[in-house]
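Chemist: If you want the building blocks of each chain, they are given just below.
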Amino acid sequence: SAVISQKPSRDICQRGTSLTIQCQVDSQVTMMFWYRQQPGQSLTLIATANQGSEATYESGFVIDKFPISRPNLTFSTLTVSNMSPEDSSIYLCSVTTGQGDTEAFFGQGTRLTVV
Amino acid sequence: GENVEQHPSTLSVQEGDSAVIKCTYSDSASNYFPWYKQELGKGPQLIIDIRSNVGEKKDQRIAVTLNKTAKHFSLHITETQPEDSAVYFCAASSVGDDKIIFGKGTRLHILP
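Here the protein sequences come in this chain order: A and B. If you're matching positions, the first sequence starts at 1 in my numbering and goes up one per residue. If you're matching positions, the second sequence starts at 1001 in my numbering and goes up one per residue.
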């Protein structure tokens, strides 16, 4: 299993600013992912955080808006840049510990409100 | 890419009755089907999963069935309890592609 610590747990930000969310895992993991969950909605994958290289973004998400770092096997950050109220959402870090069909673990999420 | 459809979006059942949530998937290459429970203010937590070489799996009051031919899989909760109230997500992924694609979720209410 893996225990994920995500910071901050919530924040209220002014539009036009940026917020960096941290994800720390208690063990080395193979894959790290970032999801967005809008109020009352499902989880949408933003990108796969690749260790030592650029993240792989899903359709509709771009690096300029959601820059991601993954300097090692236990840590990643997601930045939400130039925020607007439409970015208000829960952002979740997820990890898997193997390849393919292995369990995914989630952090508790970061609840972001943009005013 | 994979698309996962989930029904119903909301489900209310009397305490002690059974609840069934159904999902379909589009990619025949998908071979791993987890179910997650999300309580308010928390991240999703895996409650049960099934792989494509198995048709059914049970864990106490929770069971999952898979029909690969029809690309259907379902979650069954028996003898429901108040603590079962939550949002449940089905999901699918395939070997070689670690991305998990989620359904839209089912909000389950257990009525006293």
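Worth flagging that the hints you see were computed from the coordinates, not collected in a lab. Remember, it's a predicted structure, so these values are computed and weren't measured experimentally. Check each hint, because a few of them may be wrong.
To be verified - Chain B is faced by these chain A residues, among others (derived, beta-carbon under 7 Å):
hint	residue
1	D26
2	P85
3	S89
4	L92
5	F106
6	L112
C-beta atoms are modelled at their ideal positions from N, C-alpha and C, and glycine is treated no differently.
Chemist: Could you run down the list of hints and mark each one as holding or not?
Modeler: These are the hints, each one checked on the structure:
1. D26: violated (15 Å)
2. P85: violated (21 Å)
3. S89: Constraint on S89/A not satisfied, violated at 14 Å.
4. L92: holds (6 Å)
5. F106: Hint on F106/A: holds, closest Cβ of chain B at ~3 Å, below 7 Å.
6. L112: Violated: closest Cβ of chain B sits about 14 Å from L112/A, beyond 7 Å.
When held up to the earlier numbered hints, the structure conflicts with 1, 2, 3, 6 and fits the remainder.
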